[in-house]
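J.: Sequence:
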Amino acid sequence: MKINRLLCAMCLISLSFTSVKAQELKTSKDSIGYALGFQVGESFFLNQIDFVTLEAYKAGFEAGFKGNASQALVKEPQRSELIKQFQTMAQQRQEENIQREASFNKFITQDLMEKNLKEDKKVVQTESGLQYKILTSGKGAKPKATDKVKVHYVGTLYDGTVFDSSVQRGEPAVFPLNQVIKGWTEGLQLMNVGSKFKFWIPSELAYGDRPVGQVPKSAGSMLIFEVELLEINPE
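Numbering-wise (this note's numbering), the sequence shown opens with residue 870 and increments by one.
In case anyone wonders, no lab produced these hints; they're calculated from the structure. Glycine included, each C-beta is placed from N, C-alpha and C at the ideal position. Accuracy of the hints is not assured; some may be wrong.
Now the in silico label distances, taken between C-beta atoms and shown as ranges [as the list claims (entries may be wrong)]:
1) Ser912 with Val943: 36 to 42 Å
2) Ala928 with Glu950: 43 to 49 Å
3) Thr957 with Ala928: 20 to 26 Å
4) Lys1011 with Leu923: 57 to 63 Å
5) Val1081 with Leu894: 35 to 41 Å
6) Asn1047 with Glu996: 47 to 53 Å
7) Glu996 with Phe920: 54 to 60 Å
8) Ser912 with Gly1029: 25 to 31 Å
9) Ala1010 with Ser912: 45 to 51 Å
10) Gln968 with Asp989: 29 to 35 Å
11) Gly1077 with Lys1011: 24 to 30 Å
12) Asn1102 with Thr1025: 26 to 32 Å
13) Thr957 with Val993: 43 to 49 Å
14) Ala928 with Ile977: 41 to 47 Å
Given only the sequences and the hints, what does the whole structure look like? Please build it.
T.: Next comes the structure, spelled out in structure tokens:
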């Protein structure tokens, strides 16, 4: 959650907080206001922002929305100080949530990778912790870390969620092998052109304990890729 974005969303709401039932949304202003209000409320819920009381928030919003600065129960500069306090508390809660998610994902990762080795003798684990399985053997050259590669791939989380796929886009990806996550740099150097591997990449070789926007639930998460190496240093 971006704290400043959250505050901006709070300020954008264009509907008073009087009780509005779904069937009473008669105008576009009603619907837009309700949608924005829901978005802010859901953001508070998902990020466990439980240090703000709803009634006080409603009252403060309504006073500000009507321009009643002189009637405000909390005046400047105290108001700005309280906003800073909120930002600090929200940032701390965000960090707590990230660490909790990372710990859970690492626990799941360790369990799944141990099962991989026990249940599938074709799975190999390298010294770094990267696991791979050869799905199709190729006979071409192997890339170096300084090469560019052309690949098709599908990336999933441990629950099967697809977060990225060149196959779905219908176009192979081309990139320098030394400018991707460590698991890719190491893993693709094991591949011959024409081969297809499956990789299980722990967070230490992926994005670490920090969430990444394009990868949902990525804090501390293992990433799974099926990769087909098509070409080295394509024209």
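J.: Can you name, in rising order, the numbers of the hints this structure does not satisfy?
T.: 1, 2, 6, 7
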